[in-house]
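S.K.: Sequence:
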Amino acid sequence: MRRTSKKSSSSTATASAGVEQVNEKQNRKRKGVSTNLTSRKAQRGPTKAVSKEVERIDQFFYTYADNSSGMIDPEGIETLCSHLEVPHTDVRILMLAWKMGCDKQGYFTLDEWRTGLKALRADSISKLKKAFPELVQEVTRPSNFQDFYIYAFRYCLTEDKKKCIEIPVACELLNLVLGLQFRPQVDKLNNYLMYQNDYKVITMDQWMGFIRFCNEINFPSLDNYDSDLAWPLILDNFVEWLRENKS
1 MRRTSKKSSS STATASAGVE QVNEKQNRKR KGVSTNLTSR KAQRGPTKAV
51 SKEVERIDQF FYTYADNSSG MIDPEGIETL CSHLEVPHTD VRILMLAWKM
101 GCDKQGYFTL DEWRTGLKAL RADSISKLKK AFPELVQEVT RPSNFQDFYI
151 YAFRYCLTED KKKCIEIPVA CELLNLVLGL QFRPQVDKLN NYLMYQNDYK
201 VITMDQWMGF IRFCNEINFP SLDNYDSDLA WPLILDNFVE WLRENKS
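Using UniProt numbering, you'd call the opening residue of the sequence shown number 1 and step up by one each time.
Any given hint might turn out to be false.
What the hints assert, rightly or not - Subject to a maximum C-alpha distance of 35 angstroms in a straight line, what follows is the list of computed DSBU-like cross-link-like pairs (lysine-lysine): (1) 246 with 163; (2) 246 with 200; (3) 188 with 163; (4) 163 with 200; (5) 163 with 99; (6) 104 with 52; (7) 52 with 99; (8) 52 with 130.
Hints are computed from structural coordinates only; laboratory data are not their basis.
Build the full structure now, drawing on both the sequences and the hints.
M.R.: The structure is reproduced here in structure tokens:
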């Protein structure tokens, strides 16, 4: 009888343990479902916020976009500048194009607009105005400025396979971009470019030579300029012209 009692007791204990295991599994499942639901809800919140932000940015875009092309064209950019209360030649508009990664001068696509304005957290004129000082700071950092300088040249290559920009365009661009940091050098360089007759266009190599000159050469003394080093010929001529006019 005792054996039977032991068996019965053992069976009851086993059954009880089995029920506990089942209950534990069910609890785990419930917890898992609850956790999944919580994580899904947590994911939905930011996603909705992001989609609403994109929606506002898109609405902002279509305020200026041309219906037929689906892009903001030169006329739309003029209107945008008017609302921003800046001229279309303001360097901050070029900085905005850089931030968007715009490919074609005078045109903003929806994807480019989204890229730039999401980064600037701007979905209205007032917010875009407020973002300008931060954008200027970002561009003028040494780590970004050379990239912006190269972008400015490429942005002005208005035709496919074009590799040079005309002298008047180069002067305007130098004034806009390098004039921010090197006003005396840029004024003299522009005077020379408009005076000389040897060059009608500026290449990327020459363009990069200009910023290197401004960064490396003592101005106005020019005492560390060595024409035997690998400078573009146009800069050798520029330095010679400066020295002649100095004397």
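S.K.: Starting from the hint list further up, note which numbers the structure goes against and sort them upward.
M.R.: none
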